[in-house]
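Asks: Residues per chain are reported as follows:
There are 4 protein chains.
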Amino acid sequence: MEKGYKHKIELKVRFNEVDMLGVCNNAVYITYFEEARLEYTKEMGLIPEKGIFEDGNLYFMVHNEVNYRAHAHYGDELEIYSKISYIKNSSFGFDHLVVNKQSKEKIADGKGVIVYVDPVTRKSTRLPESFCEAVKHFEPSVQILRNEREG
Amino acid sequence: MEKGYKHKIELKVRFNEVDMLGVCNNAVYITYFEEARLEYTKEMGLIPEKGIFEDGNLYFMVHNEVNYRAHAHYGDELEIYSKISYIKNSSFGFDHLVVNKQSKEKIADGKGVIVYVDPVTRKSTRLPESFCEAVKHFEPSVQILRNEREG
Amino acid sequence: MEKGYKHKIELKVRFNEVDMLGVCNNAVYITYFEEARLEYTKEMGLIPEKGIFEDGNLYFMVHNEVNYRAHAHYGDELEIYSKISYIKNSSFGFDHLVVNKQSKEKIADGKGVIVYVDPVTRKSTRLPESFCEAVKHFEPSVQILRNEREG
Amino acid sequence: MEKGYKHKIELKVRFNEVDMLGVCNNAVYITYFEEARLEYTKEMGLIPEKGIFEDGNLYFMVHNEVNYRAHAHYGDELEIYSKISYIKNSSFGFDHLVVNKQSKEKIADGKGVIVYVDPVTRKSTRLPESFCEAVKHFEPSVQILRNEREG
Chain A
1 MEKGYKHKIE
11 LKVRFNEVDM
21 LGVCNNAVYI
31 TYFEEARLEY
41 TKEMGLIPEK
51 GIFEDGNLYF
61 MVHNEVNYRA
71 HAHYGDELEI
81 YSKISYIKNS
91 SFGFDHLVVN
101 KQSKEKIADG
111 KGVIVYVDPV
121 TRKSTRLPES
131 FCEAVKHFEP
141 SVQILRNERE
151 G
Chain B
1 MEKGYKHKIE
11 LKVRFNEVDM
21 LGVCNNAVYI
31 TYFEEARLEY
41 TKEMGLIPEK
51 GIFEDGNLYF
61 MVHNEVNYRA
71 HAHYGDELEI
81 YSKISYIKNS
91 SFGFDHLVVN
101 KQSKEKIADG
111 KGVIVYVDPV
121 TRKSTRLPES
131 FCEAVKHFEP
141 SVQILRNERE
151 G
Chain C
1 MEKGYKHKIE
11 LKVRFNEVDM
21 LGVCNNAVYI
31 TYFEEARLEY
41 TKEMGLIPEK
51 GIFEDGNLYF
61 MVHNEVNYRA
71 HAHYGDELEI
81 YSKISYIKNS
91 SFGFDHLVVN
101 KQSKEKIADG
111 KGVIVYVDPV
121 TRKSTRLPES
131 FCEAVKHFEP
141 SVQILRNERE
151 G
Chain D
1 MEKGYKHKIE
11 LKVRFNEVDM
21 LGVCNNAVYI
31 TYFEEARLEY
41 TKEMGLIPEK
51 GIFEDGNLYF
61 MVHNEVNYRA
71 HAHYGDELEI
81 YSKISYIKNS
91 SFGFDHLVVN
101 KQSKEKIADG
111 KGVIVYVDPV
121 TRKSTRLPES
131 FCEAVKHFEP
141 SVQILRNERE
151 G
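Residue numbers (my numbering), protein chains in the order written: chain A, 1 to 151; chain B, 1 to 151; chain C, 1 to 151; chain D, 1 to 151.
Keep in mind that a hint or two might mislead.
It does not matter which identical chain is meant; a pair holds if it fits inside one copy or across any two.
[To be verified] Derived BS3-like pairs (lysine-lysine); straight-line CA-CA distance at most 27 Å:
1. Lys136 x Lys88
2. Lys111 x Lys12
3. Lys101 x Lys50
4. Lys6 x Lys123
What the hints contain is simulated information worked out from the structure, not anything from laboratory work.
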């Protein structure tokens, strides 16, 4: 495992993900990050058993970024490392790292920010303590950057 | 317009739709057909004003096929021609033709079959007469291959 | 293994492959077939060691078709079965079958036709005997529908 | 036009770009940015007439970021605004803004950084003066953050 990470998924670069320059297209990494985040959330036990979103909880992406370090090519096996690095009042952040499984070359890294949304008002709302506890249990290094709940 | 067609949409081949052979990837044409069918349905007046699927009607693709005649490249402007060619009891068929707008070269043709589904039972069910009338009005050449409704 | 097939790949339906109806979008199956064909070709030993296309051989898709039998949903594990079913003078055909790994429900089946192309003239040309031999070795049930080479 | 921008392209959100939450998937905006940058470069006169990449010049994405402000839905017409905001020695930066054409609501903004690469060594190399001149002509507000070329 890459230092600082305890969760990874593995993906193989598909033929139609490679563009005419012969390299994995830059937009595809955002899809890889999305798959990684969902698997991470599933392993944390936070995807409802009845099916994703069936508990009514909504999480909206508000920010994504990628730094491209090297190219990936058709058929390359990639390791996508992910962790929740911090939790704020109503949002939390993911760090991602993409490594070539054979050469261990760093291909890309990135960050995502997700906001917890009240399904009725569709406005950002305070993440429940149960979410923080689940993350702290799964990812002990997470930084908690939250105010005490008032009252 | 291409002979036999009265509906077209225009699309430009995107950079990420082109694969490492420098040509528009074969799966992309199915997406082009889907966009064309939805625009066609919209122009026919059959997409609910409140939003797609808001009337509860469900239509499932059951068959798609494409014949690739020539290549399309990044930035090529394509004309996607579509028509409903026949209506059966609970299904109907689309014909599609993809033409290079500048050279008029035929790039691909294809067919799609769609089944009308009862939203409660999720089984195929007889298309309403109002659907047939709307298609006949929009596409007079459509073949009606339906039984008389019994009783 | 499904009857009649000896090659499969496994894929999991990605979040961004599912459309607003909650089911795997119809174009995605063409991408699954493409991945399956390339893995099949790799296992047959026909992808050059230096990298795909590095031997100058060109193969163009000329036909694709899919029959959709049931829906696949986010996270579903799918088995994609493939075989070369016939070889003609300058073309050959793939059969595909998509099965839900858990329920064994048939999700889709399909066919693809590929033409062997002379890299200089970019016209279809007779498949070399070495290709036929490699396929017969890997897929003994393949139908050979070729003329004797004249002269 | 949005303040500060003189280039836009228009795109309509496709059915298969919308995910099961009913909104345009977060990875799609990176593709929209890519299409916008290529059209921008074409209008600046910097895409070779013989075809993209035919002059041997290589440009690699090294960074992409998106802030998601509001959702886009199937069929929404979007305006993608772009500008080159700065040029450094061997890299330059794009700013992007995505606006709903009807409501004028801001949907997303983003940034991209591109490095000019020597096609032989595949290492970053100083952008030619002709590139800077072309950008300054097309985008007078661009910031030039380059050293004088030594000796």
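Asks: For each hint, tell me whether it holds in the structure or not.
Replies: Hints, verified against the model:
1. Lys136 x Lys88: Within one copy only: 13 Å inside, 42 Å across.
2. Lys111 x Lys12: both (21 Å within a copy, 24 Å between copies)
3. Lys101 x Lys50: Between copies, since 18 Å is at most 27 Å while 34 Å is not.
4. Lys6 x Lys123: neither (32 Å within a copy, 33 Å between copies)
Hint violations for this structure: number 4 only, all remaining hints satisfied.
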